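Colleague: Chains as they are written, first to last, in the numbering used here: chain A, 1 to 112; chain B, 1 to 115.
It is possible that some hints are incorrect.
[What the hints assert, rightly or not] Partner residues aside, some chain A positions facing chain B, computed with beta carbon under 8 Å: (1) G16; (2) P34; (3) Q37; (4) F39; (5) P40; (6) K42; (7) G43; (8) L46; (9) P52; (10) V54; (11) F89; (12) N99; (13) F101; (14) G105.
[To be verified] In silico lysine to aspartate or glutamate, DMTMM-like type, Cα no more than 25 Å apart, as pairs: (15) B:K15 x B:E72; (16) A:K5 x A:E59; (17) B:K11 x B:E44; (18) A:K5 x B:E20; (19) B:K17 x B:E85; (20) A:K42 x A:E56; (21) B:K17 x B:E72; (22) A:K5 x B:E68; (23) B:K57 x B:D24; (24) A:K71 x B:E103; (25) A:K57 x B:E103; (26) A:K42 x A:E26; (27) A:K5 x A:D84; (28) A:K5 x B:E85; (29) A:K71 x B:E20; (30) A:K42 x B:D24; (31) A:K42 x A:D53; (32) B:K57 x A:D84; (33) A:K58 x A:D79; (34) A:K57 x A:E26; (35) A:K5 x A:D31; (36) A:K42 x A:D79; (37) A:K15 x A:D53; (38) B:K15 x B:E85; (39) B:K57 x B:E85; (40) A:K5 x B:D18.
The set of hints was computed from the structure by calculation and includes no laboratory data. Small disclaimer: the values here were computed from a predicted structure and weren't measured. Just so it is clear, CB atoms sit at the ideal spot from N, CA and C, and this is done for glycine as well.
Listed below are the residues making up each chain.
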Amino acid sequence: QQQVKQSPQSLIVQKGGISIINCAYENTAFDYFPWYQQFPGKGPALLIAIRPDVSEKKEGRFTISFNKSAKQFSLHIMDSQPGDSATYFCAAAHGGANNLFFGTGTRLTVIP
Amino acid sequence: GAGVSQSPSNKVTEKGKDVELRCDPISGHTALYWYRQRLGQGLEFLIYFQGNSAPDKSGLPSDRFSAERTGESVSTLTIQRTQQEDSAVYLCASSLVWGQSTEAFFGQGTRLTVV
Numbered sequence: 001q002q003q004v005k006q007s008p009q010s011l012i013v014q015k016g017g018i019s020i021i022n023c024a025y026e027n028t029a030f031d032y033f034p035w036y037q038q039f040p041g042k043g044p045a046l047l048i049a050i051r052p053d054v055s056e057k058k059e060g061r062f063t064i065s066f067n068k069s070a071k072q073f074s075l076h077i078m079d080s081q082p083g084d085s086a087t088y089f090c091a092a093a094h095g096g097a098n099n100l101f102f103g104t105g106t107r108l109t110v111i112p
Numbered sequence: 001g002a003g004v005s006q007s008p009s010n011k012v013t014e015k016g017k018d019v020e021l022r023c024d025p026i027s028g029h030t031a032l033y034w035y036r037q038r039l040g041q042g043l044e045f046l047i048y049f050q051g052n053s054a055p056d057k058s059g060l061p062s063d064r065f066s067a068e069r070t071g072e073s074v075s076t077l078t079i080q081r082t083q084q085e086d087s088a089v090y091l092c093a094s095s096l097v098w099g100q101s102t103e104a105f106f107g108q109g110t111r112l113t114v115v
């Protein structure tokens with residue numbers, strides 16, 4: 001059972017464009033929603049995270065939008081750069097279990 | 001150490017052999033996770049340790065898989081009688097259990113190839 005559903009599976013964006021990756025969840029106990037970035041041959045690394053008490057969090061060119069009622073959250077990458085080309089994973093956790101449930105990943109390619 | 005360390009980085013084994021994968025978490029991190037990542041796929045949860053105990057073993061795909069952790073530090077993931085479908089990158093992560101923080105830090109993984 002996939003706890004977190006992620007789309008699209010792959011995404012191609014022109015340099016300077018906006019990349020948008022979406023995730024949805026069912027478990028209303030989730031209270032922590034991170035995004036991880038993974039480059040080939042490397043482990044995933046935390047990019048940005050949000051808690052459900054806010055609807056948006058921005059760090060540089062990366063923004064998480066969170067819709068609690070719809071149980072959805074998304075990652076927006078503004079002014080996408082070729083160096084952003086990587087696989088992005090959304091995840092969700094709830095404090096009691098302290099386990100992370102990952103989406104299936106989105107392979108982003110930013111074309112120069 | 002500065003980060004999560006996994007060894008070996010690559011392992012090629014013959015079908016039917018046992019393998020042992022090692023993870024050294026960040027010092028002081030009480031939570032430790034093992035994930036499996038097949039080529040081009042997402043992260044499949046295997047097992048999670050809180051201290052030395054594993055409250056959630058639901059992700060282990062079969063009884064050929066086992067894991068242990070000692071001294072709230074090093075963990076080993078053992079796969080017995082390896083099969084070709086076990087070929088994947090095995091990722092370990094650790095996190096500091098403190099308040100609401102569950103940020104997980106990943107190692108670079110062990111690439112297992114079963115031939």
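Colleague: Hint by hint, work out which the structure violates, then give me just those numbers in ascending order.
Modeller: 1, 3, 4, 5, 9, 10, 15, 18, 20, 21, 22, 26, 29, 31, 32, 37, 40
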